[in-house]
Amino acid sequence: MPESKEIQEMVLRIAEIIIEELKLEDITPEKFDPDMDLVDELGVDSMDLATVALVLQDEYGVFIDEDDYPKLKSIRLIAGYLQSRLDGAKG
Amino acid sequence: MGQGREPAVMLMAGTDKCAAPADGCVEEKAAMTPSDAVSPRWKFSELLADPDVRARWEKVRRYFFLRESTYDMCNRCNLSCDGCYYYEGAKQFARENGDPEAWRELMRKEKARGITYVVLAGAEPSLVPELLAVCFAEMPLGSIATNGVLRIDPAVGYRIHISVWGNDETGLRVRKARGLLNRQIANYRGDPRAVFVYTFTRENIDEISEVMAVLASADCRVTFNVFSAPIGYEGPLRHDEASLIRTREVMREMMDRYPRHVLFSPYNIVAHTHARGLHDLYGCSYPRRNDSTAIGLGRSFRQFRTDLTWDRGVACCVPDTDCEDCRHYAAGSAVVTARLYRHVADPLTFKSWLDYVDTYLAVWVMGYEKGENLCAEMVPPPGREAIRKA
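Protein chains in written order, with numbering that gives the first Met the number 0: chain Z, 0 to 90; chain L, 0 to 389.
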């Protein structure tokens, strides 16, 4: 099933946040591979991920359980996680 | 931002957990229903709106790249101290690998797997100066835990932690060393690498006044450690509730009396003298107590023995410590710091965490200067009481 526009926008916004928070250079949100493994391929560690998660919490107004951090291994997985939280809140 | 402002309400979408610490609010969690699913947590951006907080956050986050592992350098020591961590458990029997090229290769492999900070410890690293030089040549950031009897070559630019266990009388009784403090000061006075680590045991709490006066007069910087019993140890150094309370009092007194020389914060006091140990308060993130290999210390940390092997099942910063009694300064540096999320709760809690991280960096990283503490209060750990009620 193709991704909704909502998810696509979310993927771009998450990429923006990661680039800004981790001070990544030479990459744009559009060129950020949403399936890249943030831990194995980008070298993101727990403190980086915690920082990103806190900013995403603010941005989307959802609670990200610290036990769930290990699940947030790629931008697409983060987007799916956030969307499910938002859907859960509506439901 | 003023602390009187109403905090943001965080929507806890699709969760039955509270936004307070995972293991710090068991009772609240149990009582929570979906309709209660809001938390008075402050937003991260609201906490960072305070310019002082933002500046400190930016200062400490530059060091989030630090990834540590620890290394026993040799199985010999020139002292014989009661309650020594090294001579407990299996690690003391590991064969000593004194081959500098083997260590060089290990350091290169460590760097390749992402380690950026080394802690060189047991039994006594100053006895193997050639290995220290090799490690420093390969890995520029790190620290050495030493008893300070021998001066480590100034070319080895790591932080050096010199262990102090009381006054000279106590040093003679517990460490069988005469005039130890003066020898330590003679070796490390004026050395920018040096941080003296005073370990509070149940027996030496009130000796700190005398020792601190000597160290401060020699312009030595000092941080505090709390004796954490090795497994099975029930001797006189082990703390009880009364000794922890007294330790808390004198730590505060020393911080107030020697603000230029004591590297500590009110939250360090809380975290390390709480009736509950670090594991109980924060959940230890070292492999020994953390099965997850997904991210963080559970993924990257290793504790190498002198034969350059390691065992995930016992890997932590001070192996063979009784985890329930662990209040060790090295453990806290990782365990408290790792719990960023839990401390993003309200201004005082977050400031306390920043003070803790600022302290830890000043103690462990060469060239890092500690700022003034942002929080003067002894704020309780998230979800816990500051002082256990009698």
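Just so you know, the hints here were simulated from the structure itself, not pulled from any lab data. Hints should not be assumed to be uniformly reliable.
Lysine-lysine pairs mimicking DSBU-like chemistry, simulated, CA-CA at most 35 Å apart [what the hints assert, rightly or not]:
| no. | chain 1 | residue 1 | chain 2 | residue 2 |
| --- | --- | --- | --- | --- |
| 1 | Z | Lys22 | L | Lys42 |
| 2 | Z | Lys70 | L | Lys58 |
| 3 | L | Lys175 | Z | Lys72 |
| 4 | Z | Lys30 | L | Lys110 |
| 5 | Z | Lys72 | L | Lys42 |
Verification of the hints:
Annotation: proposed proximity of Lys22 (chain Z) to Lys42 (chain L) holds, straight-line Cα distance about 21 Å (limit 35 Å). A C-alpha spacing of about 28 Å is found between Lys70 (chain Z) and Lys58 (chain L), which places the hinted pair at or below 35 Å, so the restraint holds. Restraint check for Lys175 (chain L) and Lys72 (chain Z): not satisfied, since their Cα atoms lie roughly 52 Å apart, outside the 35 Å limit. Among the hinted pairs, Lys30 (chain Z) with Lys110 (chain L) is consistent with the structure: their alpha-carbon atoms are about 29 Å apart, no more than 35 Å.
The suggested pairing of Lys72 (chain Z) with Lys42 (chain L) holds, with an alpha-carbon distance near 23 Å, which does not exceed 35 Å.
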